[in-house]
Amino acid sequence: MNKKQIYNLNPQMLSLEKINLNIGPYTMSFDFDSWPLMESIKRVGLINCPILIKEDKPVFTIIAGFRRIQALKDLDITSIPCCILPGNCLNPLDCLLLNLYENLAIREFNDIEKGMILLRLSQFFSDKEILKDYMPMLGLASNEKDLELYKALVDILEKDIKKALVQKRLTLQTAKLLLKLHTEARQAICKLLLKLNLSLNNQKQLIDTLHDISLNEDIAISDIIDTPDIARIYLDVNLNVPQKGRAVLAYLRSRRYPILTKAETVFKKNIARLKLPKGSTLSAPQYFEASNFRLEILFEDGNDLTEKLARLSALKDLRNLKSPIEGLL
Amino acid sequence: MSKVPIKKILLEDGSERYPLSSRIFNRLQDVPVQMIGPEKLAQGSEKGHKLRMGKDILHLLAFQGEFLKPCPGTKEYICCGYQILNIATNCPLDCSYCILQSYFNHPNLRVFVNLEEQLKQALKITDAHPEEIFRIGTGEFTDSLALDHLVGWSELLLPEFTRRKNIMLELKTKTNNIKKLLDLDIRKRIVVSWTLNSPFITVNEEHRAASLEKRLKAARRCQEEGFVLGFHFDPLVFHSNWQESYLKTVDLLDKYIDPKGIIWISMGSMRFMPKLKEIIKNRHPRTNVLKGEFIRGLDGKMRYFKPLRIQLYTHLRKILEEWYPDLGLYLCMEADDVWQKSMGWSPLDSSGLKGYLDQRVKKKIG
Numbered sequence: 000m001n002k003k004q005i006y007n008l009n010p011q012m013l014s015l016e017k018i019n020l021n022i023g024p025y026t027m028s029f030d031f032d033s034w035p036l037m038e039s040i041k042r043v044g045l046i047n048c049p050i051l052i053k054e055d056k057p058v059f060t061i062i063a064g065f066r067r068i069q070a071l072k073d074l075d076i077t078s079i080p081c082c083i084l085p086g087n088c089l090n091p092l093d094c095l096l097l098n099l100y101e102n103l104a105i106r107e108f109n110d111i112e113k114g115m116i117l118l119r120l121s122q123f124f125s126d127k128e129i130l131k132d133y134m135p136m137l138g139l140a141s142n143e144k145d146l147e148l149y150k151a152l153v154d155i156l157e158k159d160i161k162k163a164l165v166q167k168r169l170t171l172q173t174a175k176l177l178l179k180l181h182t183e184a185r186q187a188i189c190k191l192l193l194k195l196n197l198s199l200n201n202q203k204q205l206i207d208t209l210h211d212i213s214l215n216e217d218i219a220i221s222d223i224i225d226t227p228d229i230a231r232i233y234l235d236v237n238l239n240v241p242q243k244g245r246a247v248l249a250y251l252r253s254r255r256y257p258i259l260t261k262a263e264t265v266f267k268k269n270i271a272r273l274k275l276p277k278g279s280t281l282s283a284p285q286y287f288e289a290s291n292f293r294l295e296i297l298f299e300d301g302n303d304l305t306e307k308l309a310r311l312s313a314l315k316d317l318r319n320l321k322s323p324i325e326g327l328l
Numbered sequence: 000m001s002k003v004p005i006k007k008i009l010l011e012d013g014s015e016r017y018p019l020s021s022r023i024f025n026r027l028q029d030v031p032v033q034m035i036g037p038e039k040l041a042q043g044s045e046k047g048h049k050l051r052m053g054k055d056i057l058h059l060l061a062f063q064g065e066f067l068k069p070c071p072g073t074k075e076y077i078c079c080g081y082q083i084l085n086i087a088t089n090c091p092l093d094c095s096y097c098i099l100q101s102y103f104n105h106p107n108l109r110v111f112v113n114l115e116e117q118l119k120q121a122l123k124i125t126d127a128h129p130e131e132i133f134r135i136g137t138g139e140f141t142d143s144l145a146l147d148h149l150v151g152w153s154e155l156l157l158p159e160f161t162r163r164k165n166i167m168l169e170l171k172t173k174t175n176n177i178k179k180l181l182d183l184d185i186r187k188r189i190v191v192s193w194t195l196n197s198p199f200i201t202v203n204e205e206h207r208a209a210s211l212e213k214r215l216k217a218a219r220r221c222q223e224e225g226f227v228l229g230f231h232f233d234p235l236v237f238h239s240n241w242q243e244s245y246l247k248t249v250d251l252l253d254k255y256i257d258p259k260g261i262i263w264i265s266m267g268s269m270r271f272m273p274k275l276k277e278i279i280k281n282r283h284p285r286t287n288v289l290k291g292e293f294i295r296g297l298d299g300k301m302r303y304f305k306p307l308r309i310q311l312y313t314h315l316r317k318i319l320e321e322w323y324p325d326l327g328l329y330l331c332m333e334a335d336d337v338w339q340k341s342m343g344w345s346p347l348d349s350s351g352l353k354g355y356l357d358q359r360v361k362k363k364i365g
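Residue numbers (numbering that gives the first Met the number 0), protein chains in the order written: chain A, 0 to 328; chain B, 0 to 365.
Everything labelled a hint here was simulated from the structure, so no lab data went into it.
In this text, all values refer to a predicted model and were calculated from it rather than measured experimentally.
We put the CB at the ideal spot given by N, CA and C, even for glycine.
Some chain B residues well away from chain A (every beta-carbon gap over 10 Å; in silico): (1) R22; (2) P71; (3) E224; (4) M272.
BS3-like cross-link-like pairs, simulated, lysine-lysine; straight-line CA separation at most 30 Å: (5) A:K268 x B:K340; (6) A:K190 x B:K290; (7) A:K190 x B:K280; (8) A:K131 x B:K274; (9) A:K179 x B:K276; (10) A:K179 x B:K274; (11) A:K268 x B:K290; (12) B:K290 x A:K203; (13) B:K276 x A:K150; (14) B:K280 x A:K158; (15) B:K280 x A:K167; (16) B:K280 x A:K194; (17) B:K276 x A:K203; (18) B:K274 x A:K203; (19) A:K190 x B:K276; (20) B:K276 x A:K194; (21) A:K274 x A:K261; (22) A:K321 x B:K74; (23) A:K127 x B:K7; (24) B:K280 x A:K175; (25) A:K144 x B:K280; (26) B:K187 x B:K259; (27) B:K300 x A:K144; (28) B:K276 x A:K167; (29) A:K162 x B:K280; (30) B:K300 x A:K175; (31) B:K54 x A:K127; (32) B:K280 x A:K179; (33) B:K7 x A:K144.
Stretches of chain B that chain A covers, calculated by requiring three or more beta carbons in the stretch to come under 8 Å of a beta carbon on chain A: (34) 291–298; (35) 330–340.
Looking at chain A on its own, in the form it has when it is part of the complex:
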């Protein structure tokens, strides 16, 4: 790269019509808010001119300054000052690196932008070079799985899901799970997740459960989500968002584990019928897999404990307590 050619450039006024306003091949911005930049330009004007290159195309290609040009466009400015490089001045890799280093110095990239950068770099470098030199630069661990993941986020995810990820309404872990699904299922799940505002663990649980139901019942995930039972939950005005989330998860769990849910319901009913002394709880082993139940008694002193034990012993139905799995099938 001839650096002098960049230092010595004089800005020229260029009509927006003559600029390719699409992202790429050198720019790497995704889902940004141009408002602060617009405010800055309104107050103090454009401080640094965008850098463009004249390639073998009818319009100029942006090397650096994509966000500035968008902000100027949003301000209805139709002619803007730009530094224009001659076509033979920089090769495509130099253009890409110019943008990358300029952005690295002034801002952090979001996950989609990191993916865009890695995808573009992979046209010029081997995976080994990217892992060694560029992933640490982007704040990523140098491992192949992450490289594939970030590229897939850009390649596979739909725009609305990318936006949700960038806006932190979806976690990277969830996006990773969504990558494994078909488009239709992915979009249906994303829509549901955004309505329910679930925690990371619950997002994962929801996706896993939907996937299992789909497998068990041989039904599309989007059809499960479109079921009236789920619609009824998120249209219920008496429930707040966390309650809706819990209700949807409970509904899906009961559909995923019908027999286990039945056993849990029977057990709860049996325990309620016992009328245990206050401060006493009887719990079943997880999934009824182990054979022992657990009794907890809260007591103030020895007298209190003796009384509660006596009341427990006097419960006539206690002797009939047994695992609900018997006779379940």
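Assemble chain B onto chain A, guided by the hints.
What follows is chain B alone, placed relative to chain A:
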């Protein structure tokens, strides 16, 4: 079973000095051999290789670990006290549910060519405890017979085991690759076992394995030739019409096998470490084995919710006992209450089950 063609032999540095390597080379003279040193091993396998698992690559190496060790059962469930003779890992068959898909970081059919040398050490352990019965099998980390025509395990192992009164060697397979076995004149203290399933699971999930009918024809041939037989219904899997489907398998058993010559039949239900689920989904997207109410068991493995397991075992136990009442039925890695409810009795703990199976050895083998 169609014998899987071996496309390449990988030979680890130093492994060429073992006679077993030479014998394998002689049987595979047209197959290219690639020497591999520690550097190449450290590099791992190329992309996509893991998905194929190198089922057409024979990897010859000297195993540095213990050759004979207890089956990695679980203390949370009742186990049978089995001993594993570790002759190889991985298998040319490609069953969708196979636990080996997640057990090993290294793909390829890994055959341990220092077996002869190490076998002597392993047998010192059994010889030191003449009062104890050792039920030993080679079919836990590989199929006992799938590669027998290439490796010659039968001719290597059988003479050593047959003359020891405190040992029973079980060769467990899903193939009909019994020629080498039958060519030998050794029957005593050897059990040949077949893993069975419903016709539906056999066809849809046990890729590259012999058909049920072929397995049972091979079993009959072994029985006619004087071998004691064992069978393993593992993993039992729920699927549409599973009751009728398992009944068909028992009908086939009845057609081909004399039940008096059976030492035991085990039953185990589908179970897997959680991380295997993704591997199965990737390698076998059309599988049925992940369907059903799987919960996390006490050993961390996913298994059917307890009443479902009881339902599976009860059904199979009934139809097997209707066929013949003295089959040495037992459950693999199950809880005491599951035993009680499905089998009508329980060995109570692992030593109880070991005792029961040792008695079967005494009764059927002596």
